[in-house]
Amino acid sequence: MAIDEIQKIEDTQIPKGRIDLVGIGRLGLRIGINLIQVHRGGPKVIGAFDGQKISASDIIFNMYGAKIGEYKTDFLKRLCRHDEDFRKIKSYNEYANNDNIDLINGDVVIIVIAGGNTIPTAAKIIKNAQKRGAKTISTAGIFGFGEENIEIKDISEFKDNPAVDELKKEGIVENHLIITTNKLIRDMEPVTPYVLDEVANKITKHALQLLHDKYD
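Sequential numbering of the sequence shown, starting at 6, is according to our numbering.
Just so you know, these hints were derived from the structure itself, not from any lab. Warning: the hint list may mix true and false statements.
Stated by the list, open to error - With a straight-line Cα cutoff of 20 Å, these simulated SDA-like cross-link-like pairs (lysine to any residue) come out: (1) Lys207 <-> Tyr97; (2) Lys72 <-> Asp107; (3) Lys188 <-> Asn206; (4) Lys72 <-> Asp90; (5) Lys207 <-> Phe163; (6) Lys219 <-> Arg23; (7) Lys49 <-> Asp9; (8) Lys136 <-> Arg86; (9) Lys173 <-> Ala128; (10) Lys49 <-> Lys72; (11) Lys129 <-> Lys174; (12) Lys136 <-> Asp107.
What the hints assert, rightly or not - Quick list of the computed label-pair ranges, beta carbon to beta carbon: (13) Asp88 <-> Lys136: 53 to 61 Å; (14) Gln57 <-> Ile8: 47 to 55 Å; (15) Asp192 <-> Lys219: 30 to 38 Å.
Because the structure is a prediction, the values reported are computed rather than measured. Heads up, the beta-carbon is just placed ideally off N, CA and C, and yes, glycines get one too.
Please work from the sequences and hints to get the whole structure.
Structure representation (structure tokens):
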């Protein structure tokens, strides 16, 4: 292949579209860092939604140089040093709710919120995204010591996962990707950093594929 032909191909391999990350916790940060680093493609815009500030116990944030009291979304934006014409982070220092749900407008929406009953909020985000034709991914239990089989598949394919069943009760029955270890809080097992690494990598992979399918 001639050099000019290679250059033409390279010129088309630029960031396109938008991926939204709802929840910038330990998992969301890992996914965000993955997306920032994608070369020869990936999203042009990454929307980051979370109202929480960084504390001393947010170890992975502190490892990357975060400031205590800094908004998690602002920290992710600070990590992205690209020229904004190439790729940028849009930081929203607020939790997803009925008043701001329309700001979640990515081509792919990744929902990784945690703490309490997050199912109703996740369902609203998914329904709103699906109305626009966006693709959606969320978690349904990512506990475990590390020997678990991490599954990612359409919600319609899951059986006997209480977290998935609750989402189905909210009307999300198809065209939504779920990732899970099939270990829930009731199983009394920890959430480990190496499982989070693997989950983040799988979510990133599928999100990029969905974005690629739309634009390429």
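(request) Give me the numbers of the hints this structure contradicts, sorted from smallest to largest. (result) Violated hints: 1, 2, 4, 7, 8, 10, 13; rest satisfied.
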